[in-house]
Structures are given as structure tokens and as C-alpha cells.
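Here's the letter readout for the chains.
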Amino acid sequence: MEEITAQYESFYHEKGRYKGILSWLMSTDHKRIGIQYLCALLAFFSIGVLLGLLMRLNLIMPGKIIGQETYNRVFSVHGIVMIFLFIIPGIPVAFGNFFLPIMIGARDVAFPRLNRFTWWTYLAGATLVVISLFAAGGAPDTGWTFYAPYSIRAKANITLAVAGVFVLGFSSILTGINFVTTIHRLRAPGVTWQNLPLFVWTLYATGWVQLLATPVLAITLIFIILGRVFGVGFFDPAKGGDPILYEHLFWTYSHPAVYIMILPAMGIISEVIPVFARKKIFGYRAVVYSALGIASVGYFVWGHHMFTSGMSDTARIIFSFITFLVAVPTGVKIFNWVGTLYKASIVGNAPMYFALTFIFLFSIGGLTGLIIGSLEPNLHLHGTYFIVAHFHYVMFGGVGFAILAGLHYWFPKMSGRMYEERPAKIGWFILFVGFNVLYFSMFILGYEGMPRRYFDYPPRYFTLHLVSTIGSWILAMGLAIIAGNLLSALFRGPKAPADPWGGRTLEWTIPSPPPAENFAETPVVRD
Amino acid sequence: MVRDAVEREDHIGSYGTYILIWAALMVLLAVTIIVAKVEVSKYSVLLNLFIATVKAGLVLFFFMHLKYERGFLKGLLLMVLLILASVIGLTFSDVWYR
Amino acid sequence: MGAAEGQRDRIGAKYGMWFFLFTEILFFGGMFILYAVYRSKYPAEFHASAGEENLLLGSINTAVLLTSSLFMAVAISAVKKGSYRLSVVFQAATILMGLAFLAIKAVEWYEKVARGIYPNSPVLDKMKMGEILFFGLYYVMTGIHGVHVFIGVCVISFMVYFTLTGNVTQENYSKIENTGLYWHFVDIVWIYLFPLFYLIT
Amino acid sequence: MILGPSNVGGKIETSFLIITAACVVLLIAVTATMLAFIWRYRRARSPVAEDVEEKLGLEIVLTVLPTVLVLGMFYFGWVDFDYIRNPPKDAMPIDVIARQWSWSFKYQNGRQTDTLRVPVGEPVKLIMTSEDVTHSFFIPAYRIKEDCVPGLKTHLWFNADQTGTFDIFCTEYCGLGHSHMRAKLIAMPAADFQKWYGTKEEAEGGSKGLELLQAKGCLGCHTTDGARKVGPTFRGLYGGKVTVTTNAKERTITADEAYLERSVRDPGADVVKGFPNIMPKLPVSDEELREIVGYLETLGQDDDHARRNGHAAHD
Ligand code: HEA
Ligand code: HEA
Ligand code: CUA
Ligand SMILES: [Cu+2]
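Residue numbers (this note's numbering), protein chains in the order written: chain G, 23 to 549; chain Z, 1213 to 1310; chain F, 606 to 806; chain L, 8 to 322.
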């Protein structure tokens, strides 16, 4: 496809109703909104990382730096920030907003003003969460899961934090609606369901999960607030309530939520690998169906978080069975990515490094997911560091590395500048080593019985905690190199061409950064 | 876009149909109250839920024009209801056998 | 197409609204799950407590809401046919019906609160567990439904304004059409709440 | 079959090892294939990519194979599950009561302790519940756990195979003292157990007051040996100086009898400096309170209150 020269100014110079900073804050341009989301996300992510490092530091000398009460608040806030503020909105709102309309040849999303509104709701929700940290009463200390009845009795600022998460959920739902509608309505001629870019497909599946799962969380959180403020005892055994029902409702959202995180990540990987392997993805249709399969089956496995909750044995067996079924479409995806490398011509750029490590780390995370999804091992491993290791592997090894892959892959397009390869790869290597030192030791800790959310522990676990903490420092170093490299490229990098990687999707046909309305004229895709 | 040609001409419901539907809804309301008061059988609760579903169907298909939508939207609605039903079912696999 | 045109994509807007209603189905679904579980645990208490509800007011309210749905449907057809005057009249009637619903609901709540039955009240906390849950669910479900009715009333008020100022017209009626979808949906929720709280005696 | 310190532990360990082995094999297969492709088809060796035709047959194999594999794993996770979950009829029942942040074990003859003692070679059934929020009872050595849910009875069972002392952890987050909500399990020879079971309780604690502290769960938050837990230690408390916050004002008072009683009856009235105001109002009769206070008075006096409470409890 021939290159469209920029008759438009770049969207950085949008001339609208507003000037200066307001031209960003009030803009309904999906690209500007995407970039603002990205900045907000990275800011909250940094807070989460710092809290993570603080926890690790405490765990090698319990009580020396922070007390027990502080530790409980720190891991709760770490979880809340990482899950609700960073990783769930994560890829869709940042990369999705920026690239979804471009990839389907549209000028914007279906409801640009709604898009702007979701950004403000996101910020409002995040602000509420942040206020809850500092207001009298103190930061929430319930863990990110807000288990009742503890969350109904605890004295900390749980009402505020929960209200914040509710608002964030609202924002997430509206984003989902917006994306699903966009994909249905705004595809350019020739962009069909059969050749839709895979990233768009995963956003579509994610949109549905957001739409159908988040409201369940919303109502659950309302129950918590009603319980705290009005004494409505839905989960209070003294009033006939059933605490296990809370867990059901919570995980009915929060398991599908892990697929809200991972599906778009898989989308990024499905874009990056074919580009750097210089060929089409192996089994396009299988990859699409597996995304839809994960999204739909993933809705019905929530009970695997509750194998030791006192739930009926019948339900445990059913949920374990369905849990194993989810692994099949995921396996199909892994096989297809690996299959794409066959007879390829692999170019080793940083995005590809991150994408390939994604496959390895996510496989470890996912396969350990199967171990804890089995009925018997779960009795042992639930509530231990094995779980902590599992979800950090899938969430950072998986989603985190996918974000890093996407960040490097799309950096030239978003910023108009190129980053340097060498530091990126050095950073990648250190991150990879640190990551495994940090989290693999947690598998062993968990197997030996170290419970999670413990501020203090019997001395026999000390060595592994020490190893893990040292890993966290290595990892932080790697992350710093990566971040420093990208930041300096943002200001000093050389100008990026329209298509530095040889990408095939529509965003590479327009200049970097893309002009205000993306396309001079609606593109027509012929396959 | 071509694929929307059918939907371009939007259905305009006639006042008469609406009034008929309304009348039917009122009759069903009366029936459901009677069923509950007379307590014909212990299944009256189920019967009432069934009547509610008929009422909801009338509102959906006529007031909300679902009857004139493409199968696509009907399919999606069905999917959503099935998901809700499955969630309730799975929850009861715990509640009933605990 | 594109940003500006996307705004006028009537079918897109309608899909968006339907998707939102799907969300609402699961939102209320969460409450229905709670209801179903507790009712299966405490059938006798639920049975007994439902007798305390004011069937007359509940039935009137159902009729009011169903009628409001009729008015709304007529108002939309009127816009599509270009009879804006008629539409405004029926929209106003819908709003009145909505307010009447809320007023009757308020009377019902007031009756109960006057008897000391409200969440965390000393009277209620002394009752049986199933009854505490029944009335808790009653307040929460009708309360959240009431909030939806209230939001609907507000939105329809805007529609009246839009119809009068020519913002909603025969050619551009997405807004009112979607408002209608929302209003009818809220009606459907009530259609289920009514038997669950008033008719299970 | 792997034997462990208990029957269920061995079974769970076996299933864990089988499933883990399968996962490791899969991981190695996937990773090795990936690395081999990366090596063989890197730019330098394979300058031009060849598009491979989609093969439906291969896709089907790649879907069916994992399905079979996961069903196998599910099966190995399930085989002994029914055995593990269903206690034999003759199992000795012991009530487990969890509360913030301590455990109580009640035997059938009414004996109540904070250490779980079981006979080796006899099945034991734990009937568990909680008095406040959700906790989880976990014996790492036996590889079993189950939540203790308020308003609900859950159960676990096992048959100890070896004598020994094992950890008990709480693994469901339950608030401030969660990480200190630990206890010990002592598996003892059946004969020793019978002897212990038969003797009267006085033999162990010595004092009625200490028993009450145990039974009421005070020792979940307080210690008698000078270590700081969730609350201040009782050692050296009586007669010493305490800095407390009363109605948002700080003052230093002497810990006399009246103060001790007030601390239990109305814990929020005087909040000890450096501690959160979280002590619950526990049901204690006047009689019992006198016993408790009497016991606390025997724990000596220590004026250096700051040192006493600055010391953190580490195992
Ligand atoms: C991105 C997030 C993410 C993802 C994708 C997953 C994916 C999976 N998770 Fe995970 N999980 C979490 C985030 C995630 N999880 C979090 C945050 C928690 C803890 C919450 C808390 O308590 O705080 C958790 C907890 C958790 C538990 C509860 C543990 C407990 O508390 O007792 C379980 C139990 O079944 C589980 C299972 C699984 C399974 C089976 C998958 C599957 O989807 C994985 C599928 C992937 C693979 C199978 C690997 C790749 C495939 C191959 C290499 C091909 C070959 C393999 C086969 C054919 C088998 N997870
Ligand atoms: C996305 C989610 C996320 C992330 C990123 C992290 C990051 C970290 N986490 Fe954790 N963690 C959780 C989610 C997350 N965490 C959750 C949900 C819990 C459970 C809370 C609860 O129990 O309620 C938890 C709990 C938890 C515990 C257990 C606490 C306990 O049970 O007592 C520990 C212990 O060490 C820990 C450590 C860390 C460390 C050291 C880091 C970090 O410092 C690691 C540093 C960062 C990386 C690995 C980089 C990955 C890269 C990216 C994500 C892309 C970023 C892009 C750019 C930089 C441009 N976390
Ligand atoms: Cu009890 Cu944690
Ligand atoms: Cu899960």
C-alpha cells in the first residue's frame, strides 16, 4: 500500500475549541485519550511497583521498616492499584484507544464523547481510591478481594475505596460498549470479520467480557457499601447472610477479569510475532475462535478460587472441570504462535524479545494455574505463595511483558521517534533474570507452605524470601533501564518512518505520529 | 453501508398496536394477582414468574421493537440471558449440595 | 463516517444502548442471584414476609409503570411521524407516571419505616433471619430500581426539552429512541420484582 | 504412593507430583520447540519466510491433544478427592473454633486447648467454624486446608501416620493479626494421647486465669512472655506505667486493678500508645474477670514499658 503523505497536521497540533492543556484534556480524539490513559496508567503502575518493592523489603526484615498494620495496607493497596487501576483498564484504554480505530480504518471510536467521559470517570474512580489512602481511618486493609464479612467490619476507609472501584468499573463498562459498537459499525470497506487484525479481535472479545462481567462486581460492591453504611446484612451470618455468596459474586466478576487482562495481551502478541517472523500468523481462524472460547468459557470457572471456601464438593468438581477446559483454547493459541515461527525469517528486535518471553513466562504461569486448578493440589496450595507466584507470572510475565512488547512495537507510531535497540535488550535481559529470581522462589515458598498476606513468618522461609527480594532489585534495575531508554527516545530519538518494522496492519500505512483524523480518505482493504 | 439498507427504514409502531399490547399487559397483571390470591396450586409462584416472562416478552418485542430487529440482536439477548441462567445454575450447584 | 458522522450513526447508537441494557441485566442479575439463594434457604420466612407487603399499592404501581411504558412508546412513534406536539404531551405523561410510581413507592417505604422495619432497625434485627434478608432485599432491590426510575424521569425531561428545541426530530430521533429502550427495560425489571415481592404469599 | 506424615498428605502430594510432571513436560516441549525454531529460522539462516498453508488436520490434532491432556490432569486431581473429603464414620470429632486471631480446639469430653493434639493412627475429624470473620485452617505438613466460615460448619479429616509437631497457619486474610494466627499440631502416640486426654486440665496451665486467657482467645493477641503481638504483652504489666490515649488525650497512668478491668470491659476507653484500637469486647463474666486480673498480677512488674512493648515477636 502506498504511503499517504501528511497533508494533515499531526494530531499533536489539533486545532479545536480548546487551547493548550485543555486541547488535550477536553479532546475527543481517541489518540489523545489513549496517550492520556497511558500516562495515568504508568503513574499508578509506578506507585504499585514501589509498594511491591516495599513489601519485598519488609519480608526480609519483618517489623524493622513497616509494622504489621502498614504491611496489610500496603499489600491491599498494591493489589487494588495494580488490578483495578493498572492492569484491567491497561491495554484496552491505552493501546486499544490509540490503535483500534486506526486498525479498522476508522477516524475515531463510535462514541468519541463517551470515550472522553470514560477517561474522566476513570480519573474520578482513581481519585476516590487515592483519597481513601489518606483520609482519616487509613488505607483499606482487606486485600484486593474485599472479602466479607471482614470488609464489612473493618474500620479502615473501605467504603471510599470500594466506591472508587465501582466508578472504575463503570468506566470499564462504557469502554467495553464503545469498543464493541465501534468494531461492529465502523470498519472500513474490506475490513471484514475474516481479516480483522487479531488485536482488534481480542479487544472485541474483551469488550464483551467487560460488558457482561463488570456489572456483577458493581452490584457486589454496592452490597458492601450498603452493609457498611446501612447495616444491610446480606453477608453477615448474624443476620442470615452467607459469606460464601460474597465470594461467588466477587469471583463471578474477578475471574473473567483475568481474561480482560490477558486477552488484549494475547492480541498484542498475535500482532508482534507475525511481523517479526515476516509471515502470516499460523491458523488465523483458530486464534480467533480460541479468543472467543476463552472469553465465553472463562465466564464459568470462577469457583476455582473457592475450592477451600466451604463450597459444596459437587460445585468444586464442576468448577475444576470447566477450569481445565479453559486451558484448551489457551493452548491452541500458544501452539499457533510457536507454529508461526516455523519456516519464518525471524528478526530480533526488542518487541520480538518481549513477545517470545511472554510465551515462556505465560506458559509457566498458565501451567501452574492448572496445578492449582486441580482439586487436590489446591487444598495444599490455596492461600500460599504458590498462588502469588502463579498470578505474578501470568500478570507480569504475561500481561506485563505484552505491554512492554506493545510499548516498544508501537512506540515509533505513537511518538514519531525511534528508541535504541541495545539498551532495550539489555533492560529486557536484566528484567527477565530478575523476574524469575523474584517470582520463581515464590513457587517453592508456596509449596513449602508459606501463607500469603503474611507480614511475618517462621524463620525456615527466610532464605527463599531473601532470594526473592534480591530478585526484586534486579528486576527494578531492568525496568529502570527500559523506562530510561524509552523516555530518552521520547525527547531525543531520531524521527520514525511510517513503517519501521514492515507491519501489515493499517496503522503502518499512515505517518508517525498519525494525523488528526487518521486517514485522508477512508482506506479500502483488499485481501 | 449496504448491510444496513434493511435497517435504514425504521419500523414505526402504530398507536393501535401499542394500545392492544397495553391492554394485554393489564389483563395479564389481573391474572397474575388472581393466581396469587386464589393459590390454585403450590406452583402458583412458578406460574407467576411465567406470566411475568410473557409480560416482559410483550414489552421487549413490541415496545422495544425487538420483533423488528435483526436476528443478531435477538441472538445476543438470548446469549446474555443464558449466561445469567448459567451463573445462577452454577451458584446453586454450591448452595443446594453444601 | 468518522467522528462527526459516527455521532449520527443511529444504528450504532441503538446497539450501544442495547449493549448497555445487557450490562443492566447482569447488574440486576446479581441481585436476583442473591434473592434466589436466600429464598431457597428460607422459603417459609419469605412466604410470610411477603404477606406484609401492600399488595394494593404494589399492583397499582405495576399498572402505573406499564401505562407509562405505553405512553413512552406512543411518544416515540409520534416523533417518528413528525407529530412533535403529541410526542411532548405523551413524554410529559410518562414523566408524571414515573413520578407517581416514585410517590407510591415512597408511601410504601414510609409505611414500613413507620412500623420500624428498615435495615439495621431494632425491630427488624429481632425478626427471623429469613425475614431480615427479605426486607433487606426488598429495600435494596426496589431502591435501586427506584433510582433507575428517577434517572429515567430526568432523562425524559431532557428529551422534552430536546423535542421542543428541535434537537430531536423526525430525522434524528436516536436520543429519544434509546431513552425509550431504557425506560421499557426498567419497566421489565419491575415486572419481575412485583411477583417476587408481592405475590409469593 | 508417597507416604507422608498423614494419609491425606501423601495422596495430595502424589496428585501434585503427577500433574506438575505433566506440566513440566509440556513446558519443556513448548519451550524447546520455540527455541529450535528461533535458532533454525533466524534472519541470518532463513532470509525469506515461507508462508505455510493452514492445515485443518494439524489444527484439529492440536486441539484434541490438549483436551485429552487436560482431562487426564483433571482426573489425577480428582481420583482421591472423594476420599479426602469424606471422613470415615468412626473418626474422632474435634471442634475447631477460629477467631481473630487465635484457635481453640474442643474435644468431646469438653476439654479445650489452643494446641491441637491428636493420636497417631486414628482418624480425626475437625469440625470447624469461626466466631467473627472468615479464617482458614492450614496444616502445611498434611497439605490440607479449609476455611472456617462464621455461621457455617466446614470439615477436614486426616489420619496422622507419624508423631511430630507441625505448624498450623491461618491462610485466609482476617485482619491485623492474620500472620500471627498460628498454632501447633502435636501428633502423639495413641497411648500418650489417651493419657493426656484423660487427665484434668489443671495439670497443664497451672492457673485458672491462664486457662481463661487461652479459652477466651486473649492469647491470640497478647503474650505472657514479654513478646509483642497484636496487643501489648501481659508480662510486667501490672503496677507499671502505661501511656494511653483517653478521649484523644494522651496520659500516663499506673496499671492498677481498675485499669486492667476497664481494659477488658471497655477496650476503647484507654488505648495503649503504639497500638491500634481494635481489641474486641469479649464476653467475660465478673467471676472470670477477677480470675484473669488475678493472674495478670502474678506476671511481675516492669517499669520499662517502652522496652517491653518495643520488642517484636519473631519466631
Ligand atoms: C492475567 C491473569 C490471569 C490469567 C490469564 C490466569 C489464568 C489461569 N488461572 Fe489464575 N489467577 C490470577 C490471574 C490469572 N490467572 C490471579 C490474579 C489469581 C489470584 C487471585 C487472588 O486470590 O488474589 C489467580 C488464581 C487462580 C486460581 C485460584 C487459586 C487459589 O486461590 O486457590 C486458580 C485455580 O484454579 C487459577 C487457575 C488459572 C488457570 C487454569 C488459568 C488458565 O487460563 C491458564 C491457561 C494457560 C496455560 C494452560 C498455559 C499455556 C498453554 C500451553 C503451554 C499449552 C499446553 C498446555 C496444555 C494443553 C494443558 N488461577
Ligand atoms: C499487575 C499486577 C501486579 C504487579 C505489576 C505487581 C508487581 C509486584 N508485586 Fe504484586 N501483587 C498483585 C499484583 C501485582 N503485583 C496482586 C493482585 C497481589 C495480591 C494482593 C492481595 O493479596 O490482596 C499482589 C501481591 C504481592 C505480594 C504478596 C503479598 C502477600 O501476600 O503478603 C508480593 C510479595 O512480594 C508482591 C510483590 C510484587 C513486586 C515486588 C512487584 C513489582 O515491584 C514488580 C515490578 C514490575 C514488573 C515485574 C514489570 C512488569 C512490567 C510491566 C507490567 C509493564 C510496565 C511498562 C513499563 C514499565 C513501561 N505482590
Ligand atoms: Cu485468621 Cu487469617
Ligand atoms: Cu481464576
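What the hints contain is simulated information worked out from the structure, not anything from laboratory work. Small disclaimer: the values here were computed from a predicted structure and weren't measured. One thing to keep in mind: the hints can contain errors.
Here are the simulated lysine-lysine pairs, PhoX-like style, with alpha carbons at most 20 Å apart [claimed, not checked]:
{"id": "1", "chain 1": "G", "residue 1": "Lys86", "chain 2": "L", "residue 2": "Lys288"}
{"id": "2", "chain 1": "G", "residue 1": "Lys177", "chain 2": "L", "residue 2": "Lys288"}
{"id": "3", "chain 1": "F", "residue 1": "Lys646", "chain 2": "F", "residue 2": "Lys717"}
The following residues of chain Z were derived to be distant from chain G, with all beta-carbon distances above 12 Å [as the list claims (entries may be wrong)]:
{"id": "4", "residue": "Leu1232"}
{"id": "5", "residue": "Met1291"}
{"id": "6", "residue": "Ser1298"}
Positions of the beta carbon are idealized from the N, C-alpha and C atoms, including for glycine.
Now the hints, each set against the structure:
A threshold of 20 Å between alpha carbons decides the hint, and for lysine 86 of chain G with lysine 288 of chain L the separation of about 30 Å lies outside it, so the pair is violated. Restraint check for lysine 177 of chain G and lysine 288 of chain L: satisfied, since their Cα atoms lie roughly 15 Å apart, inside the 20 Å limit. Restraint check for lysine 646 of chain F and lysine 717 of chain F: not satisfied, since their Cα atoms lie roughly 24 Å apart, outside the 20 Å limit. For leucine 1232 of chain Z, the non-interface assignment is confirmed: its Cβ lies about 33 Å from the closest Cβ of chain G, beyond the 12 Å cut-off.
Residue-level check failed: methionine 1291 of chain Z sits 9 Å from the nearest beta carbon of chain G, not beyond 12 Å. With a least CB separation of 6 Å from chain G, serine 1298 of chain Z falls inside the 12 Å interface cut-off, contrary to its annotation.
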